[in-house]
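Heads up: the sequence lines are chains G and W, in that order.
Start counting the first sequence at 20; every next residue gets the next number (our numbering).
Start counting the second sequence at 5; every next residue gets the next number (our numbering).
In case anyone wonders, no lab produced these hints; they're calculated from the structure.
On a predicted model such as this, the values are computed, not experimentally measured, just so you know.
Ideal Cβ positions, reconstructed from N, Cα and C, are used throughout, including at glycine.
A couple of the hints might just be wrong.
Claimed, not checked - Taking beta-carbon pairs under 8 Å as the criterion, some of the chain W residues facing chain G (in silico): (1) S14; (2) L91; (3) E95; (4) A102; (5) E131; (6) V161; (7) L164; (8) A165; (9) L172; (10) G179; (11) R183; (12) S235; (13) G236; (14) A237.
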Amino acid sequence: MTTTFLEHVRSRLALHELRTGQGNPLLILHGLGECSPSAIPGIVHGWQGPVFALDFTGHGASTVPVAGGYTCEALMSDADAVLAEIGPVTLLGYGLGGYVGLLLFGSRPTEIKGLIIMDGPGLDGGGGRPTSPMLMRVSQSDLDGSAPDPWALAELASDVRPPSYAADHVRQIQALSGMDIAVVVACLGRPEWLTEVLTSPVVVESDVTTALLTFSSI
Amino acid sequence: MSNEIDVVRSSLPKAQRPDRSRRVDVGGIEVSVVEWGDETAQPILLAHGGFDFAGTWDLFAPLLADQGFRVVAWDQRGHGDSDMAALYTWEADMRDAAHVIESLQTRDPIPVLGHSKGGGMMNQLAEVLPHRVGAVINLDGIPNQRGFSNQIDRSDVNALAAELSGWLDHRRRAGQMNRRADTIEGLAERRQLMNPRLSKEWLQYLVTVGARCDDDGWRWKIDPTMRFGPSGAWRPEWAIPRLRGLRVPYLGVIGTVKEEMGWGTTPEEAFPILPAGAEFHALADTGHFVHIERPEYVAEMTVNFLGRVL
Numbered sequence: 020m021t022t023t024f025l026e027h028v029r030s031r032l033a034l035h036e037l038r039t040g041q042g043n044p045l046l047i048l049h050g051l052g053e054c055s056p057s058a059i060p061g062i063v064h065g066w067q068g069p070v071f072a073l074d075f076t077g078h079g080a081s082t083v084p085v086a087g088g089y090t091c092e093a094l095m096s097d098a099d100a101v102l103a104e105i106g107p108v109t110l111l112g113y114g115l116g117g118y119v120g121l122l123l124f125g126s127r128p129t130e131i132k133g134l135i136i137m138d139g140p141g142l143d144g145g146g147g148r149p150t151s152p153m154l155m156r157v158s159q160s161d162l163d164g165s166a167p168d169p170w171a172l173a174e175l176a177s178d179v180r181p182p183s184y185a186a187d188h189v190r191q192i193q194a195l196s197g198m199d200i201a202v203v204v205a206c207l208g209r210p211e212w213l214t215e216v217l218t219s220p221v222v223v224e225s226d227v228t229t230a231l232l233t234f235s236s237i
Numbered sequence: 005m006s007n008e009i010d011v012v013r014s015s016l017p018k019a020q021r022p023d024r025s026r027r028v029d030v031g032g033i034e035v036s037v038v039e040w041g042d043e044t045a046q047p048i049l050l051a052h053g054g055f056d057f058a059g060t061w062d063l064f065a066p067l068l069a070d071q072g073f074r075v076v077a078w079d080q081r082g083h084g085d086s087d088m089a090a091l092y093t094w095e096a097d098m099r100d101a102a103h104v105i106e107s108l109q110t111r112d113p114i115p116v117l118g119h120s121k122g123g124g125m126m127n128q129l130a131e132v133l134p135h136r137v138g139a140v141i142n143l144d145g146i147p148n149q150r151g152f153s154n155q156i157d158r159s160d161v162n163a164l165a166a167e168l169s170g171w172l173d174h175r176r177r178a179g180q181m182n183r184r185a186d187t188i189e190g191l192a193e194r195r196q197l198m199n200p201r202l203s204k205e206w207l208q209y210l211v212t213v214g215a216r217c218d219d220d221g222w223r224w225k226i227d228p229t230m231r232f233g234p235s236g237a238w239r240p241e242w243a244i245p246r247l248r249g250l251r252v253p254y255l256g257v258i259g260t261v262k263e264e265m266g267w268g269t270t271p272e273e274a275f276p277i278l279p280a281g282a283e284f285h286a287l288a289d290t291g292h293f294v295h296i297e298r299p300e301y302v303a304e305m306t307v308n309f310l311g312r313v314l
């Protein structure tokens with residue numbers, strides 16, 4: 020594994036190349052509070068191209084900022100920094116990484132060559148609609164600069180993910196990606212946003228092996 | 005340089021810089037807190053709007069201080085003289101506001117007043133800290149069901165594609181960005197594009213407060229990584245059902261002339277969603293910046309309202 024650091028906004032992002040190869044790159048996006056795997060996961064051994072994994076801001080070997088302020092859009096922009104570095108990729112997202120991947124696909128519909136959404140921490144966020152607001156607090160003793168950032172855990176487990184917002188993004192994918200099957204849902208979890216996404220004709224339910232096979236031929 | 009500042013500021017003799025300033029740690033970064041008036045007087049907290057800064061209260065705050073208030077304002081993170089953050093959210097701004105209240109060394113409920121985004125924040129503050137908020141004055145920060153005034157039609161694929169990719173393109177450049185340097189007059193002219201109803205004298209005054217003078221000219225202090233316009237899932241209309249349920253004395257003031265920076269809420273939309281018993285004023289021939297266009301009138305309304313409810 021080799022690690023490259025990308026300077027992006029105010030973060031230094033760790034991009035790990037888990038395996039070199041020829042062809043379409045696969046980018047793994049981890050779940051909330053997780054970090055990139057140190058070796059290529061067994062389920063992607065059949066992937067022919069290079070395999071990368073990104074540590075989001077506040078996670079793994081990437082910058083842990085102070086004072087919080089996390090959004091899925093900021094993490095989407097982290098993943099977009101990878102596109103700027105290595106070009107188009109296929110995305111394999113776990114939990115939070117699956118949702119972030121959907122946002123990125125909707126925002127860069129010609130630069131993502133398929134998204135696979137897997138179960139993982141942070142798949143639901145704070146649900147589909149706003150609830151009682153509160154002042155979030157984390158223990159000062161936990162804020163020692165190590166990853167995962169407690170602010171990330173708190174804020175990205177409670178951000179609102181309206182189905183209509185996810186629908187906006189999948190509509191962009193359907194209209195602009197040129198793909199008949201663009202998103203594969205390979206998870207059991209069904210937060211509201213994902214149920215909405217599944218109504219799109221470019222989103223299918225399948226297993227990860229079939230999905231990787233589908234996207235590797237693009 | 006100081007002579008240049010003096011000349012600009014002399015054209016607005018009623019504007020007054022704060023009497024005191026200090027910094028408050030909000031969890032690893034610091035925000036700048038300023039105050040006008042007697043330090044022992046009744047505090048009132050002022051929250052500025054997005055892309056503004058505490059200096060935008062320089063006309064309004066002294067009027068409240070003259071009426072016996074300790075007027076406290078802060079620069080939101082990334083704005084004015086506060087530290088820039090790595091990340092920005094509404095919820096983080098709310099936490100910062102709570103830190104500023106904590107710094108006042110009083111447990112008594114205090115009145116809070118906010119303009120635009122700051123008004124929305126103070127609505128939420130009254131819900132999350134009801135025991136610390138004694139009254140809310142909202143200046144043109146009342147939501148409506150239509151959302152942001154400048155939002156695009158999100159079902160328009162091309163328009164949304166431009167917005168989404170534009171936001172990401174900005175983020176790709178943001179780490180190397182610096183705000184463009186200009187003269188005081190030049191910065192004021194550029195700001196007037198977004199603040200068309202405000203006077204040239206006021207906008208030039210704002211430059212001397214909200215911008216810094218570098219070797220190559222003046223540039224706004226606001227974090228260049230910030231970008232005007234909606235991003236993310238958050239929508240102002242989410243606050244509507246909660247606003248109706250507030251149990252705190254409430255004064256709502258809106259301008260009736262629509263502006264790009266404003267929320268575009270009409271009197272017919274605003275009044276029915278305010279808390280029961282709220283006082284409400286829709287100001288004719290007044291835009292989004294009600295406290296800058298009509299500082300004396302809005303201050304008088306505020307003082308009269310607080311005189312009745314405190």
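>> Hints numbered earlier in the text: which of these fail when held up against the supplied structure?
In response: Of the numbered hints, 1, 11 do not hold.
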